[in-house]
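Assemble the dimeric complex from its two separately framed chains, guided by the hints.
What follows is each chain in one-letter form.
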Amino acid sequence: MIIDRKYHLLFGVLLVLGTLFSNGAQAETITLENIFEGLSKNKTEQRTFIETIYDPLLEIRSTQTGKMIYRAPNTLEQHYEGLNKGTITFTDKVITLDFPNRKAEITTQSAPTLASLSQTLLDLLRGDIKSLEERFSVSFKASNNQNWEITLTPTILLKRHINSITVNGSKQAINRIIVTQISGEWRQLSFTDSVTSR
Amino acid sequence: MNWHRFKNYKLTLLIFTLIIIWAIPTFTLIKSPFQNDLTQFFPDQNTLKSHYLKHRLSTPQSSSWLMLAVTSGNKPNAQEDIADKSTQLKNELSNLSGVMQVLNGTEPFESPLQTKQQTSLYPYRYLLTDFNLLNLTDDISKRWQEYQLGLILDKNWLLDDPSYQWGSYLSALNSEHKLPTQQGVWGHSTLANNKKSSTALLLIEIEKKTDVLNAIEHHLNNLVGQDGYQLTGAEWIARQAEKQIKQSVNWVTSLAILMAGLALFIAFRSPKLILLSTLPLIGALAVGTLSTITLFGGMQLITLALGAILLGVAIDYPIHTIAAYQARNSTVITKIWPTIRLGALTSVFGFLMLWWVNIEGLQQIAIFSSSGLLSALLLTHSLKPVLHEHFQPTESPVQSESKVQPKNQKNFLLFALLSAIVISSSLLYKPLQWQDDIASLSPVSTSLMKADRDLRALFQQQEVGKQLLMPTLNIETLLQNQETLTPYLEVLKKTGVIQQFQLFADFLPSQNLQAQRKFSLPSQTEVEYALQVAVESTQFKPQHFSTFQSSYHKTQQLPLLTYDVFIDTHALSSQLIDQLLVNIDGKHAGVISLTGVRSDNEIEEFIKNHPEMGLIYFNQRALVSDQLMEIRGKLYQTLLLVIFVLALSIWLKYRSILATIHILTPIALAIGFTLSIFGLLEVSLSIFHLMSLMLVAAIGLDYSLLLYQGSKQKDSANEWNHSVRVAFFTTVGSFGILSLSELSLLNAIGSTVLIGIFGVYALSYLTTKLITRHERNT
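Top to bottom, those sequences are chains W and L. Quick note: the first sequence uses our numbering, first residue 1, plus one each step. Quick note: the second sequence uses our numbering, first residue 1001, plus one each step.
Please keep in mind that the hints were generated in silico from the structure rather than gathered at the bench. A hint or two may mislead.
Stated by the list, open to error - With a Cα cut of at most 27 angstroms, we get these calculated DSSO-like pairs of lysine-lysine:
hint, chain 1, residue 1, chain 2, residue 2
1, L, Lys1493, W, Lys103
2, L, Lys1155, W, Lys103
3, L, Lys1494, W, Lys103
4, W, Lys130, W, Lys171
5, W, Lys85, L, Lys1155
6, L, Lys1653, L, Lys1384
7, L, Lys1587, W, Lys85
8, L, Lys1554, L, Lys1142
9, W, Lys85, L, Lys1142
10, W, Lys171, W, Lys67
11, W, Lys103, L, Lys1142
12, L, Lys1155, W, Lys159
13, L, Lys1142, W, Lys67
14, L, Lys1196, W, Lys103
15, W, Lys67, W, Lys103
16, L, Lys1384, L, Lys1054
17, W, Lys171, W, Lys43
18, W, Lys141, W, Lys103
19, W, Lys41, W, Lys159
Excised from the complex, chain L in its bound form (with noise of 0.2 angstroms):
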C-alpha cells in the first residue's frame, strides 16, 4: 500500500487506534467487565418485596444443587435396580471432585457422640425440643427395641439421649429433603400402558464450577446412557443453555452472515467492498461496550444482547453510503450523505431517550447503542475517501427537487387512516399476548424449561419462589412470631393449603420458649423416678442411663442459647440462614418458604386474618410480572418520547408537517402492522419484541427517509432506491435466517425484525408512489 491508499485510511486507522488505546486500561483496570445480574432491569420499587427479590436474584452462592432422576425403563425387576442404580451413582458421583454431597434418601444420622459435627448444639437438646417425662417410659421401651433387634447406631447415644431429643431436632433439620422412598432410596413408580418404571431421585451440591458438571454428565452417561436420567437445577440449566445457544448461534448466525454477505456480494461484486461495510458495525460494538464499561464500571451481558439488536442498524449506514457511491455520481453522494446522517443522528437521540428510564439495565442500553451508532457514522464517514478512490465519481450538475403538492396527500392519508384501522381492528380483534415471566429474560428453551418443571415436581420443588416475608426488629420477636404463627401454618398443611413450609425457628427456637422449657424441665428427682418406672419392662436398669441423668443436669445449668452462639456453631449452612433470614438495608425479616401452595387467594386469605404478623407474601412469578409489565409501559412512554425526537428531528431538517407525517407513517404503520401480525399468531411478546421494534424503528427511519428523499430526485431517484434496495435484502437474509432458529431469543429477533422490515419497506416504498404518481398527474 503506498502512501496515497494509506492516507485514504487515516482516520478509519485513528479511530481503531484510539479503540484500542481505550480498551487496554478499561479491561486492565475492571477485573470482571462483564456481569450477569437481572436485577439491574428491574424498576427502582421501594417495597421490601422487590428489595427481597432484588436480593434472592442478586447474591452470590458459594455453591448450587442439581437435582436428578434416573429412570428404570420397564424391567421386571425395576424397583431393585432403581436401588440399585441410586446407589451406585450415590457413590460415584461423591467421588468427583466439587461435588460436596449427594443425598438419595439413604443418609444415615450420624451419632452425635462419634462425630464433630453438630455435638455443639447437643448438649442443648432439651432447649432446642420439647421433653416430655410422661412419655421416657414409651421412649425407653422403643429404645429396648432397637437395643435387641440390633438397629442402635450408638449404644452411648442411646444410653445419653433415651427420649431421642437429638433424633428429632435432626428431623426437624433435615425436613427440606422429605420424599417418597422405594426400597429406601427416593424414588417414584409409575404405570403407564401395564408397564411399571421406576425412577430414582438424587439431589447433588456441588461447588461452583463448570468443570464438575461435564464430570457429572460424563458418568451419568457411561452409567445410565444419555437417555437414562433429567438433570436439572440453575447452573445444569445455565450450563445446557449456554450449550444450546452456542450451537444455535453458531449456525443461525453463521447462515444469516452469510446470507447478508451474499446479498452484499450480489449489490457490490467486492469481496473489499464487503469488508469496509464491516467496519463500522465492529467499531460500533467496541465504542458501545467501552463507553457503557466506562460509565457503568462494568456491563451487564443482557445489556450486549440487547444492544447488539439496536446496533444492527450501524450495517445500513456504510450500505447506503456503498451503493450512493456506486452511481458515481458525486450529487447523488452529497445528497444522500446528510440523509444518512439525519437517520443516524435520530436514531442516536431516540435510543439515548431510555436514559429516562431510569432503571439503570436501560440506561446501559442508551448509553451502548447511542454511542456505538455515534461511532458507525464517524467510521462510515472515515471510509469516505476510500470509497472515492475505488468508485472515482464524476461531477454532474446539481439536480432540482421535486415539491409534493398539498392536493396530492388526499390519496396517501386514506391509505394511512385505513391501514391505521385495519391494525386497530386486528389488535382489538386479537389482543397483543405479553410474557411477563422471569423466563421472557432468559435465552433457555423452553424445551429445557418444560424438563426443568417436570423435574421440580417430582422434587416437590414446584414453586420455588412462593415465600411468606416477616418483617422484624430483631431476631427474638421475628423467632417469637415464628412460633407463634406455626399452629397457624400446620392448619394450612393439614387442609392441604401447603405441602410443607419451613423457617428459621424450627432450628432456633425463641429465648422466650427456652426459658420456658427449660423452666418446666422436671427436677432430678422426677427424672430418677421416671426411669426407675421405665425401665421396668426392660432389662435396662437405672444406672445404665447415669450419662444422661448427668446431661440432663447440665442442660439445666446452661444459658440460653443465643443466635450468635447457634451462628458459631455452624449447625446450619450459612445457604440455609441466607434462605431463612434476610437482612435488607438494615431491616431483619424472617423468611418462611412454602411448597405445593394450592392458591395463592388462600395465602392472601390467611395473611389477611393475621395482621398482627405483618407478613407479606413474596410470590416471585407474580412479582417478576410486575415488575416486567412496569419496565413495559416505561418502555411505552420511552418508544413515545422516541416517536417524538423523531418527528421534532425530521421536522427541524424539512420545516414541513407533511414531510415528517410522510416519513413517520410508515415506520408507525409498519410497527402497528408487526405487532398485529403477533396479535393475529397469538405470539406471546417479551422485551426482546420491543426491543426489535425499536431497532425496525431506526432502520425503518433510513429507509423512509431514503425513499421519500429519493423520490424527490428529478434524475438520480433509482439510485437512491437501489441503497435501500441493498440494505432491505441484507437485512432480509440476515434477520430471515435469524426467525428460523428455534432459541426463542434469536425467534423473537428474527421474526420482529422481518416482519417489521417488510411493512416499512414496502410502506415506504408505497407512500413514495403514491406521491410521485400524483406528481406525474398533477
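Next comes chain W alone, as it looks inside the complex (with noise of 0.2 angstroms):
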C-alpha cells in the first residue's frame, strides 16, 4: 500500500510537471516562421547522414553514409564515406561531382529533377520560405513536443517527377527528409547527430 500511495504521490508529482512543461510548450507554439527564422541564423553546419533510397520495382534498398556540410548561403556538400567514397557539391547553379571516377559540373538546368531537390534543401538550410513557396505548396503540422512536419507538394516542374518531400525536425533542427517520387521510390535523408554550428 506503501508502495501505492508513493507512486500515487510519484504519478501526481509527474502530472502536475507534465502541465507544467505542456503549458511552457505551449507558451513557445513551434511555427513555420520562427522555424525558417531559427534556420536562416544558421552559418556553417555540419551533420552526419544516413541515405536510404528504397525503389520497390526494383526491389532495392540501399544505405549511405556520410557527413553533410552547410555554407551559408548557397553551399550544400554531401560527403560520402565507404564504397561510393566522394562529394557532391549543390550551389544555386551548380552540382559538382568529385567521385575518385567522376568529375563533372552539371548545371541545375541540365539536371533538373535533381536541382530542384538541391534547391529545396538549400532553401529549407537557409530558411527561405518564400523560395519554397514558389515551387511548392507547403503544409506545416507541429506536434506538443516541439516536433514538427514540413510537407511540401509540388506545383511546378518537379510535379513530373516528385510526389512530395517530408521534412521532419525537432525545435529548430531539421532531422529527416523524405523524398518520394511519381514512381513509388523514395529516398531518405536522416541525420543523427546534433546540429554542429557556428
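Shown next, in the form of C-alpha cells:
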C-alpha cells in the first residue's frame, strides 16, 4: 500500500510537472515562421547523415552514410563514405561531382530534377520559405513536444517526378527528409547527430 | 509650259517614257531581279576545289548561327554572375520568335525512350558504336553509382542501355559544340591588371529573318547593356554592315552631292541647269540596270556597286555640254560636242572590253556600264534643244585650229619619260600590295571584321574555311576511307596540328564496319554471363536488365543501317549533312572540317603521305586569294585592251600617232601616279581600286581630249578649259568627300578617283601648256 501511495504521489508530481512543461511548450508554440527564422541564422552546419533509397520496382534498398556540410547561404556538400567515397557539392547554379571515377560540373538546368532537390535543400537550410512557396504548396504540422513536419507538394516542374518532400524536425533542427517519387521510389536522408553549428 | 517649250523636252521625255515601259515588264516578270552571289565574280576553274567554293558560297541556308559573348566586368562574384546571365539569356532568347535554339553548354541529353527525336536510330546503337562486353562490369558499376546518387535521367534508359552506347553516340553528334565551361556554362576567364573578368558564350540558331536580329539586339541591350556583349555571325555581320553603310553612305553621299551641287551652282548659277545635268546619270543608272537584268535574267548587287562607279563619268557629259553652251558661241558648241561624243563612245567600247574576261559578274558590269554610258550620251544630246533655248548662242565665224609641230614634242616627251621613270622607281621601291581576301569584296568595316575574328577565336572557330575534301565514287567507299583516315587524324589532333575534326563517318559507320560490329557482337549467353558477373558488386540483379538483353537481341536481327535510312531518320540536320557531304556535278565528296589548324604546310604534308585517299586541301582563304589574283590578272589584260581601244579610237579620229600620244599619256601617267602613291602609302588595293582606276581612265579621257582640242583653238580655248574645270571641281567635290569615309569601299573609290583626277587634270593641263608654249615660241 505504501508503495501504492508512493506511486500515487510520484504520479501526481509527474502530472503536475507534465502540466507545467505542457504549458511551457504551449507558451513557445513552434510555428513555420520561427523554424525558418531559426534556420536562416545558421552560418555553417555539419551533420552526419544516413541516406536510404528504396525502389519498390527493382526491390532495391540501399544505404549510404557520410557528412553533410552547409555553408550559408548557398553551398551544401555531401561527403559520402564507404565504397562510393566522394563529394557532391550543390550550389544554386551548379552541382559538382567529385568522385575518383567521375568529376563533373552539372548545371541545374541540365539536371532539373536533381537541381530542384538541391535547391529545396538549400532553401530549407537557409530558411528561405518564400522560394519554397514558389515551387511547392507547403503544409506544416507541429506536435506538443516541439517536433514538427513540413510537407512540400510540388506545384511546377518537379510535379512530373516528385510526389512530395517531407521534412521532419525538432525545434529548429531538421532530423529527416523523405523524397517520394511519382514512381513509388523514395529517398530518405536522416541526420543522426545533433547540429554542430557556428 | 507652252507647246514650244515642251517640244524641246520631247526626246528626253520619250527616252524616260521608254525606260518606264521597259521597267514595268522587267520588274513584273523577274521576281528577284537583284541577287547577291559573290561566286559570279570567280573565274570558271574546273577544279573540285573551285566548284566546292562556289557551292559553299552560293548554297542558301534556311538557318544561321550567331555567336554571343557576354562579359561580366570585374565584379567579385563574376563567375556566378556569368552563369546567371547565361541561363537568363538562354531562357529569354529561346522564347523569341525566329530563334530556333540557344545553346550555352547546359543542354541535357534527352532519354531516347522519352523523346521522339533520334529514337529511330536508337535500336542501331550497337552498330553505330563499339560494344565491348569486357567493359560491362565497369559500366554497370558506374550506372549503380549514378543510381545511388540520384543522377540518372531515366531509369528505363539505364536498364535498357547499361553500357551507355547511345550516350556515346550522342556525344559524337554534339562534338562540334565542345567548349570550355565555367560554372557549368560555356565561358572563360581572363585576368587583366589583377582583375578577373568572365565571359559566357552562347550559340544562337535563328531563322533567316531580319526582325529576329532586331528582337535579339533589343533583348540584349535590355538585359546586359550595349557594352556588355559581343555578337557575330553571317547574318549579324550583314545587318551591321548594312547599318554602317546606310549611316556612312547617307551622310557621305549627301555631303558629296551637296559639294557637287555647290560646284555646279557656282559654275552654272541655275537650279534648272543643275537639275538637267543630273538627268543623264539617272537615265544611265536605269538603262544600265534594265539592260543587265534583261540580258542576264538578274543582276548582282556587286555589279550595281562596281558599275555605278564606272557610271560616275556620265555626270561629266552634261557638264561639258552646259559649260560649252555658257560660252553662247555656236562654234564652240558645234566643236565641243563631237569631242564629248568621242570620249563617251571610247569609254563605252573600253568598258565593253570587260565582256571578254569571261566572268559573268564582270560581263554584267560591261553591259551595265556601256549601255548606261550610251544612254547618258543620248540623254545629254536630247538636252541640247533646251540648252539652246536657255542660252541662245550666237553664230560666229568658224575658227581655224593650230597645229602642233613635230619639233615641239621634245620637251613633252622628256617630261613624259621622266614621269614614267619616277613612277617606275617609286613602284620598284614600294611595290603594290593587294588585298586578296574575300573581305576585299565585302563592304564590311575593319572594326566589325576584327570583332568577328576575336569572337570566333573564343568559339574556337578561327578558320571556318579549312577542310579536307575526299572525292569518292559512292557513299560506302567514302565512309570506309574516312574510317581508315580517322586514326591518322587523331594523331594530328594529339600532336597539335589540328584542334578538332569532324567527318560524316562519325555519324554513320560504313556497311563494312557495321557488319564487323554485328559479327563480333557477343552471343546472348555470353551477355547473360557477363551481366551476372557485372551486377555482383551492386544491388542490381540480372533480371533488372531484361530489356537490355531483349533489345540487344533485336539489334542482332536488324539489317545494316543504310545511307537512305539514315537520312530518313533526320538524326542530323540537313544543314550538317550539307556541310559534311557535297554533291558537285553528280560527284560525291566527303568534307572533313578542320579547326585550329596550326600550319597549312603540315596539312599539305599529311595529304602527301596519304596519296591513296585522294585528299584535297580546301583552304578558302588561299583559294579566294588565287581566284582574286586571277580576276586581277584578267582585269590587267582588259585594262591593256581598253587602252588599245582608246588609242585606236583616238587615232581613227585624228589619224595622228602624235595626237594619240598627247591624249593618252596624261591618262597613263595619272594611273601610274595614283598606283605609286598607293604603293608609297602602303595601301592594300582591292578590286574597287581597279574599277575606280577605270573611271579615272574614262574621265581622264574626256579631260585630255577637251584640253587637247581646246589647246588647238585660237580664240575660244578658255571656253574649252572652263568645261573641264567645272567637271573637275564637281568630281573633286564629290569624290573628295567619299575619300573621307571610314567605310573602306567608299574610301577606296573616293581616294583613287581623287588622286587619279588630280593627276589626270594636272598632267593634261601641263601637256597642253607644253605644246601651246612651244607653238608661241615657234
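Evaluated hints:
| no. | hint | verdict |
| --- | --- | --- |
| 1 | Lys1493(L) <-> Lys103(W) | holds (24 angstroms) |
| 2 | Lys1155(L) <-> Lys103(W) | holds (21 angstroms) |
| 3 | Lys1494(L) <-> Lys103(W) | holds (23 angstroms) |
| 4 | Lys130(W) <-> Lys171(W) | holds (20 angstroms) |
| 5 | Lys85(W) <-> Lys1155(L) | holds (23 angstroms) |
| 6 | Lys1653(L) <-> Lys1384(L) | holds (23 angstroms) |
| 7 | Lys1587(L) <-> Lys85(W) | violated (57 angstroms) |
| 8 | Lys1554(L) <-> Lys1142(L) | holds (25 angstroms) |
| 9 | Lys85(W) <-> Lys1142(L) | holds (13 angstroms) |
| 10 | Lys171(W) <-> Lys67(W) | holds (21 angstroms) |
| 11 | Lys103(W) <-> Lys1142(L) | holds (12 angstroms) |
| 12 | Lys1155(L) <-> Lys159(W) | holds (17 angstroms) |
| 13 | Lys1142(L) <-> Lys67(W) | holds (22 angstroms) |
| 14 | Lys1196(L) <-> Lys103(W) | holds (25 angstroms) |
| 15 | Lys67(W) <-> Lys103(W) | holds (19 angstroms) |
| 16 | Lys1384(L) <-> Lys1054(L) | violated (48 angstroms) |
| 17 | Lys171(W) <-> Lys43(W) | holds (17 angstroms) |
| 18 | Lys141(W) <-> Lys103(W) | violated (40 angstroms) |
| 19 | Lys41(W) <-> Lys159(W) | violated (30 angstroms) |
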